[in-house]
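**Student:** Below are the chains, spelled out letter by letter.
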Amino acid sequence: MVRKGSGELSLWLADQLSDQIDFEQLKLGPSKEVGLQYMRSLTNSDTVKRYVVVPSYELKDAKAFEEYIAAFPGTVRAEDRRTAMEYVLKGFAMLTFASRCYLVDAVKVESSGIGEAMNESIVQGPRDAFSENIETNINMVRRRYQSPTLKADMLTVGNISRTTVAILYDDARVNRQVLREMKKRIEAVKIDILQSSGEMEKYLTKERFRVFPTMIVTERPDRVVFNLAEGKVVVLINSNGFAIIAPTVFSDFFTAMDDKIQVPMVGWFLKITRYIGLFLTLTLPGLYITFASYNPEILKAQISLLIAGSRAGVPYPSFMEVFLMLLMMEFLTEASLRLPKAIGPTATTVGGLILGQAATQAGLVSNIMIILVSAVAISNFIIPLSMMGYTIRVIKYIIAVLAIAFGLVGIVISVVGLILYLSGLRSFGQPYMKMHVLEFRAKGDR
Amino acid sequence: MLNSKYFYYLFLINALINIINYVPRTLINDRFAGALPSIFISMVVGTMLLYGFAKTISHFGGKGLPEIFAERFSKIISLPLLILYSGLWFVAGIITMISFVDITVRFVSPDISPYAVIIGFLLVVSFFAHLSEESILYALETLLFLFTPIILYILIKSLLSPDFSWDAVMQVITYMWTKPKYGTVAAGTFIFSGYFNLAIFNRCFKRLNTRYIWTIPITGLMILLVTFLVPIGYHGTIGVEDHIFSWFSTADSIRMELFIIERLLFLFYTIYLALSLVSAVIHWHVGLELFKGAFGPKEGNSGFKKADWWILGSFSLLTVLIMSQLDQERLALFGQWFLNVRLVGEFALLAVILFVRIRSVKKA
Chain Z
1 MVRKGSGELS
11 LWLADQLSDQ
21 IDFEQLKLGP
31 SKEVGLQYMR
41 SLTNSDTVKR
51 YVVVPSYELK
61 DAKAFEEYIA
71 AFPGTVRAED
81 RRTAMEYVLK
91 GFAMLTFASR
101 CYLVDAVKVE
111 SSGIGEAMNE
121 SIVQGPRDAF
131 SENIETNINM
141 VRRRYQSPTL
151 KADMLTVGNI
161 SRTTVAILYD
171 DARVNRQVLR
181 EMKKRIEAVK
191 IDILQSSGEM
201 EKYLTKERFR
211 VFPTMIVTER
221 PDRVVFNLAE
231 GKVVVLINSN
241 GFAIIAPTVF
251 SDFFTAMDDK
261 IQVPMVGWFL
271 KITRYIGLFL
281 TLTLPGLYIT
291 FASYNPEILK
301 AQISLLIAGS
311 RAGVPYPSFM
321 EVFLMLLMME
331 FLTEASLRLP
341 KAIGPTATTV
351 GGLILGQAAT
361 QAGLVSNIMI
371 ILVSAVAISN
381 FIIPLSMMGY
391 TIRVIKYIIA
401 VLAIAFGLVG
411 IVISVVGLIL
421 YLSGLRSFGQ
431 PYMKMHVLEF
441 RAKGDR
Chain F
447 MLNSKYFYYL
457 FLINALINII
467 NYVPRTLIND
477 RFAGALPSIF
487 ISMVVGTMLL
497 YGFAKTISHF
507 GGKGLPEIFA
517 ERFSKIISLP
527 LLILYSGLWF
537 VAGIITMISF
547 VDITVRFVSP
557 DISPYAVIIG
567 FLLVVSFFAH
577 LSEESILYAL
587 ETLLFLFTPI
597 ILYILIKSLL
607 SPDFSWDAVM
617 QVITYMWTKP
627 KYGTVAAGTF
637 IFSGYFNLAI
647 FNRCFKRLNT
657 RYIWTIPITG
667 LMILLVTFLV
677 PIGYHGTIGV
687 EDHIFSWFST
697 ADSIRMELFI
707 IERLLFLFYT
717 IYLALSLVSA
727 VIHWHVGLEL
737 FKGAFGPKEG
747 NSGFKKADWW
757 ILGSFSLLTV
767 LIMSQLDQER
777 LALFGQWFLN
787 VRLVGEFALL
797 AVILFVRIRS
807 VKKA
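Chains as they are written, first to last, in my numbering: chain Z, 1 to 446; chain F, 447 to 810.
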């Protein structure tokens, strides 16, 4: 191994990391001959202060200080560039003496503030969620993404709140056009108070009338890291445990982090299940209206009779029934969300079981309707990211309304319209929905 | 710039949609008088047209017909030409939609007003006809990806059914050596007409890859034979002429014993409605862009411009008017007339684009 001069190593490191906002370098000692370099977000500044900075002034010369550092537990000699970079990105502080460099263990581990992911829980795999502190969050990302190409740009948004906003990206992989667009849009945000990522996401999109989220808002660092490696841009906002990822495609919203962990076949199966769930939750209410009121002949005779028989006592048309029950379901979901944890289960039991049972016995809604509403609700919850879940909850009403107007035709029209609409959307200039499965290059393509 | 596979999708959607645009009807009317040889002739003619046009326009990478014309012709020539072709392609969309209204009222919802249905169609088609070319192609790919398996299922189901009479098919095949007619050839070549959309969609192809173009005549021939022969297999050589939309009647004769929907018709109807709408969106997009291109160069594709609304609005109105004037018989006649005129138009267009190409080569 080629022994590099200590000065050169230190200069190289400074050069590599100079455009990182959290990179810090100092000269220590009375004669300022010892160099100290570290990443602020990764290194415990208290350790550095107490065990490195203070002794450097107390010991009589650099030689003694070097001996002191070398004897430090966990200290590594920086042999070459690779080790130096690796350890500095881990959170070690690098000390440069006249002849050699040392890496001192001062890793900051933020564990107290890190909670478990609540909204995107998974079965296996990492459970950490982002905390409310942006330094901690950057630390969490860096710990999982130890590459010198990971860059973080800091901005401030909000006239009063002065919220720190960090743009994270992998310099080697990022789509420049998206990055430029993202910076431009963040700089253009002119508001007083910024408190949450959801709010930020709203200011970052241009379209005023939109239903579909074109950015992912996530609380999972592993999702962020995964997307960084794909060349996407991540925006972190201080005092908020959510990150924004852009650009996104439609299928991103149907990917749980579980899919990476599962056996491939199981992963595909789960993915397909989600799309089937999506299709069901969107079309079932509309189909019920169609089958009950427009085209009972489409179904097998037995099933049509079953629906008609179940609806025999119901005193109003099918769409009233559908809207009544769907609205009840929305109320139930919203109520159980806002209620204190202790009352939540009671509300769902009363609402779901007793109300459903009583409503059918009273003849207000048919039995099949109750089954259908539960099926719709459950298949809605299958969507891993809640933002898309909310969107789908809205879209199914549009399809139901079109089914009232046109029957089967309305459902087909709305599904085709939906696909066309999604294909027309762009997320930071990138197509929002296309068949990524069919991406291959034929011979002779240019 | 997009992958060339999207060109094949454009071909495929037009080929699949032939059932709605009276191709089987025209062929079946002449099943004893030249339909079968016409199929083979139209395969050759259609492929030639397709190959000629695709190859020539691929030299003008990233440019649509209006841009190409603007460079080579004065406005006096290009304006009527573009408006003519724009009209032709608008009519293609109109026929698809009006026939589908007829199918809807006849097969699925007899109690629904045809005007309500057409307004529903027109809303979707006009609303999405001014998406960008890329967006429409993405949607097309998605829909084809979703529906091709079901179409294959329907095809296999229909061919394996014991009710399918191979004797009737053989009977018709014996009429191979009859004199072909222009009308049936025109109908047959409609399968290959998807290439015409390149007039606008060439904007998204930098250099069209024609390497796999040999798949097109094969696919086209298969589709034509299926289109023509399967209804005959179900309704018999004579009975088949009683049906205007022979394929829908055919689908209605097939049962899915083990599914919650028993009649295959509804599955078939759903898929074809979706495909027709996309096809109409594509046709109207081409029509719209050609129409706008006739008057001025293409400006940015963003936003809903006023001119778009006026053009699409008036064509929507025209659609409703045409629909109110046509009964089923005359609609079928109208559809067949369109097929006939279209073939002439395609030859003329190929001649024009070849002329442009030769001139630009000479200049260079």
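Because the hints were derived from the structure by calculation, they are not lab data. Beta carbons: idealized from backbone N, C-alpha and C, even for Gly. Be aware that one or more of the hints could be misleading.
Stated by the list, open to error - If the Cβ cut is set under 7 Å, some of the chain F residues that face chain Z in the computed set are:
| hint | residue |
| --- | --- |
| 1 | S504 |
| 2 | V551 |
| 3 | L577 |
| 4 | A720 |
**Student:** If a hint holds in the structure, say so; if it does not, say that too.
**Tutor:** So, going through the hints one by one against the coordinates:
1. A hinted interface residue such as S504/F counts as satisfied when its beta carbon comes closer than 7 Å to some beta carbon of chain Z; here the least separation is about 11 Å, so the hint is violated.
2. The beta carbon of V551/F is not positioned within 7 Å of any beta carbon in chain Z (closest approach about 10 Å), and the interface hint is therefore violated.
3. Below 7 Å, beta-carbon pairs count as interface contacts, and L577/F has one with chain Z at about 4 Å; its hint therefore holds.
4. The criterion of a C-beta within 7 Å of any C-beta in chain Z is met by A720/F, whose closest approach is roughly 5 Å, and the hint holds.
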